[in-house]
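The numbering of the sequence shown is our numbering, which starts it at 14 and goes up by one.
Where hints are given, some of them may not hold.
Dumping the calculated BS3-like pairs for lysine-lysine here, alpha-carbon to alpha-carbon at most 30 Å [claimed, not checked]: (1) 198 - 69; (2) 69 - 312; (3) 145 - 70; (4) 226 - 136; (5) 287 - 187; (6) 69 - 145.
Label pairs and their in silico Cβ distance ranges [to be verified]: (7) 383 - 173: 47 to 53 Å; (8) 252 - 47: 40 to 46 Å; (9) 383 - 320: 18 to 24 Å; (10) 355 - 55: 57 to 63 Å.
I should point out that these hints are in silico values taken from the structure, not numbers from a laboratory. Heads up, the beta-carbon is just placed ideally off N, CA and C, and yes, glycines get one too.
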Amino acid sequence: MLTFYDRMEIFYSTDWSLYPVLNTLLGLFAVLVLVQLYYILFVFTKLLFRQSLDEKKTWPAVTVVVCAHNELENLRELLPMLNEQDYPHYEVVVMDDRSVDGTVVFAETESNAWSHVRFIHIKREYDHVTPKKYAVTTAIRNAAHEVILLTDADCRPTTDQWIKGMAAHLTEEKQIVLGFSPYEKRSGLLNRLIRFETFYAAVQYLSLALAGKPYMAVGRNLMYRKELFMQNKGFYTHLRVTGGDDDLLMNEIATGQNTAVCLDADTFMVSIPKTTWGDWYRQKKRHLSVSKYYKTGNKLRLAALSGTHVLGWLLFLGLLVGGALNYKTLLGYLIVAGSIFGVRLLAQWIVLGLASRTLHRSVGWFAIPLMDKTLFIYYFCMSFIMWYNRRKKVRWR
Numbered sequence: 014m015l016t017f018y019d020r021m022e023i024f025y026s027t028d029w030s031l032y033p034v035l036n037t038l039l040g041l042f043a044v045l046v047l048v049q050l051y052y053i054l055f056v057f058t059k060l061l062f063r064q065s066l067d068e069k070k071t072w073p074a075v076t077v078v079v080c081a082h083n084e085l086e087n088l089r090e091l092l093p094m095l096n097e098q099d100y101p102h103y104e105v106v107v108m109d110d111r112s113v114d115g116t117v118v119f120a121e122t123e124s125n126a127w128s129h130v131r132f133i134h135i136k137r138e139y140d141h142v143t144p145k146k147y148a149v150t151t152a153i154r155n156a157a158h159e160v161i162l163l164t165d166a167d168c169r170p171t172t173d174q175w176i177k178g179m180a181a182h183l184t185e186e187k188q189i190v191l192g193f194s195p196y197e198k199r200s201g202l203l204n205r206l207i208r209f210e211t212f213y214a215a216v217q218y219l220s221l222a223l224a225g226k227p228y229m230a231v232g233r234n235l236m237y238r239k240e241l242f243m244q245n246k247g248f249y250t251h252l253r254v255t256g257g258d259d260d261l262l263m264n265e266i267a268t269g270q271n272t273a274v275c276l277d278a279d280t281f282m283v284s285i286p287k288t289t290w291g292d293w294y295r296q297k298k299r300h301l302s303v304s305k306y307y308k309t310g311n312k313l314r315l316a317a318l319s320g321t322h323v324l325g326w327l328l329f330l331g332l333l334v335g336g337a338l339n340y341k342t343l344l345g346y347l348i349v350a351g352s353i354f355g356v357r358l359l360a361q362w363i364v365l366g367l368a369s370r371t372l373h374r375s376v377g378w379f380a381i382p383l384m385d386k387t388l389f390i391y392y393f394c395m396s397f398i399m400w401y402n403r404r405k406k407v408r409w410r
């Protein structure tokens, strides 16, 4: 077994000129890590600074929109929480989309007890628009107030300050407020993966919004002005696209000037996660399929982030395998690559650990290295699946 001094002697005696291909790969690896460090140190860190808000003298009236399809049990839990929000002037509009689980009877017999809640029932589906987009559009057109706050039936506010905390960020200039919606913590590998991926996605879209480059949101916790929605003609450009009622809309109308981010823990909406791999896979496939409609600049930024993540891991693993096969010859490369990768991992560990404390402690500090490796596998597999599906569609046309 080689001692530390033996390793240093081999390192300093390495003739770097003998391996031009390895030098190129090592240089490429360093560039990939530098791109990752840029995002980690100059973008993600924006989540770590507290936002200063002007004190509100008047509060805008708000319409909370909840779309529901066969969500009776969730509505039984959610609506009392929404009805008890500490806010001066608001309504809750529940869009019952063709439910057959007793939601209509529930609305007729029990909802009268809630002063802020009213139901709108959708009787049929339309060919020119997806059901969710039709439900959201109908709700906004029938909203009594000019500020819209969206959530889902399977979400739960953490406090009665949800509406007030989101509205506090709304100004004449800031017409959109992006909120955070973590998933409920449960046992099991699937739940951990869901929480990892949701946390890291939130780090990306919230920090890029703070950097003046908003590109998406989640409809589980999103506020915007009705006028802005109408000026954009709603979901007109992607009416038939499954999904995208939140991220594609924001991709079109959100700018660095009109978008604010709410990181107040009292405003988080905790969502119930999928419990089977099949349901989760279908959900993620639908989410990823809409990203091809993003603006070019947004696609390039996200490709740079996820691409350098995957390629960096692949090159690092390749150097490790090569070093295992030829340890003495490649020790120098292993030490350099390991040092570069270690700097990235340490920076990510610190920044994402602090970000997790801001975002509902979504990921434990010591789980972050595991999260990084898990997301590498996730990105690699999902990229291959999406590429394969597109190739298969082209082949059968």
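Checked hints:
1. Under the criterion of a C-alpha separation no larger than 30 Å, the hint pairing residue 198 with residue 69 is inconsistent with the structure, at around 34 Å.
2. Restraint check for residue 69 and residue 312: not satisfied, since their Cα atoms lie roughly 36 Å apart, outside the 30 Å limit.
3. Distance check on the hinted pair: residue 145 and residue 70 sit about 35 Å apart at the alpha-carbon level, beyond 30 Å; violated.
4. Between residue 226 and residue 136 the CA atoms are separated by roughly 39 Å; this puts the pair beyond 30 Å, and the hint is violated.
5. This hinted pair does not check out: residue 287 and residue 187 have alpha carbons roughly 33 Å apart, beyond 30 Å.
6. As the CA atoms of residue 69 and residue 145 are separated by approximately 33 Å, the hinted pair breaks the 30 Å bound.
7. Between residue 383 and residue 173 the CB atoms are about 35 Å apart, so this pair departs from the stated range of 47 to 53 Å.
8. Hint check: residue 252 to residue 47, Cβ distance near 41 Å, so the stated range 40 to 46 Å holds.
9. A hinted range of 18 to 24 Å holds for the C-beta pair residue 383 and residue 320, which are about 21 Å apart.
10. Restraint check, residue 355 to residue 55: a C-beta distance of roughly 20 Å breaks the suggested window 57 to 63 Å.
Going through the hint list in order, the structure does not satisfy hints 1, 2, 3, 4, 5, 6, 7 and 10.
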